[in-house]
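For the protein sequence lines, the chains are A and B, in the order given.
In this text, residue positions in the first sequence follow the working numbering: the first is 65, and each later residue adds one.
In this text, residue positions in the second sequence follow the working numbering: the first is 8, and each later residue adds one.
Note that these hints are calculated values from the structure, not bench results.
Here a beta-carbon is modelled for each residue, glycine too, at the ideal position from N, C-alpha and C.
Do not take every clue at face value.
[Said to hold, decoys possible] Not the full set, but computed from the structure, chain B residues with beta-carbon under 10 Å of chain A: (1) Val24; (2) Ala91; (3) Val101; (4) Ser126; (5) Ala135.
[To be verified] Listed next, the stretches of chain B that the computed footprint assigns to chain A, with coverage defined by at least 3 CB atoms under 8 Å from CB atoms of chain A: (6) 92–99; (7) 115–121; (8) 141–151.
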Amino acid sequence: MTNGAQPNAGEAPRRVGALRAMLAMMINPGRVLERHAGSIAAPWALLVSGLAFTLFFLQTALDLERVGKMASGDVAALAGKGAAMGILGVAVLAFLAWAFSLPFGGQRTAGWAVRAFGLGYSPALIYGAVGLGLNLGLKWNTAVACGVTGLLWALGPLFAALREMTGGKNGVSAVLSTLCGAAMLFAWAELSLGG
Amino acid sequence: MAEHDSPAGLPRGYPLVRLVSFAGLGALTARHLNANEMAPAVGAGVGVVFGSVGLGFLRVLVSIFCPRVMQRHGYRGIRAATGAGFLMMFPFAVLAAAAELQFGWSAVQAFAMAGIMTSGAAAGAELARLGGGPMASAIVPTFLAFLFSAAWGLATALAQMLPL
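Next comes chain A alone, as it looks inside the complex (with noise of 0.2 Å):
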């Protein structure tokens, strides 16, 4: 977390370190996205989201070529659509996401949503660069045993973002982030594996 202080209503927003900010994201992710969502730029947000989804396509892409079902030449393209994904794919989601959440009376705004899931894949882009780091490094197998917890760990933050979003509903969060993360899990089996 970035202290251990009680918030104050006209405290100004702290700068930490983005390795502590997204380590803060898998543990008290509510807190951060509350902090930091409303100040970053979305480009910025994306970046995070692009690189993660970029980062596991990448060890998909390895893992495949390793064991002969993908040609090196398709490696950086697969690589590429998952930047696309991470980036206008997550736009998207977080759009449908906000556009589902309006009737539960959120008062966040299209934007907010933007950045917030955005941000919120910080843990897979943690588990993105370990992960690669041991694909190159040592050969492993990545894609499903750190890329798609990567994945999955993201779905905290995303519930904490639905939570915002809905105006602190839980049940509603949580079937939404459910099918968020369905959506997410589903695009990478059929843009990678081919469903």
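Position chain B against the provided structure of chain A, taking the given hints into account.
Below, chain B alone, put in the same frame as chain A:
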């Protein structure tokens, strides 16, 4: 945020959703351990018992190590916070079922363990909302959930050694 929320009563559906989630994860685990057609039903039962006992331990330990919430809201507050947090098991159970039944993966443990850890973190956020203090609320339930998830993984590993 000088004022803190009061614990809303836990909606009746939450415990049921949690039990179904634990049951689903238990059933999916048992499918791998034994080809017997009764295995998923037994696994579902074991999953419910193991999940409920694990959550019970977690609640007792949270009530000891997060005294602020206990003093302000009593055990009811602890139950409400952890109950809301463990609603997060639902997405993981659904995605585990999709991965298992749609993709044919054998990764139920990864989903179960990540689900328990994420639920612990979500419970911590609820405890913070009830005035538990940011550090205690963030670290205590997350660490306890880590132990819970490790116990789940260990129990599955031990079950694999049984001559079923």
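Evaluated hints:
no. : hint    : in the structure
1   : Val24   : holds (7 Å)
2   : Ala91   : holds (5 Å)
3   : Val101  : holds (5 Å)
4   : Ser126  : holds (9 Å)
5   : Ala135  : holds (7 Å)
6   : 92–99   : holds (count 5)
7   : 115–121 : holds (count 3)
8   : 141–151 : holds (count 6)
In the structure shown, no violation is registered for any of the earlier numbered hints.
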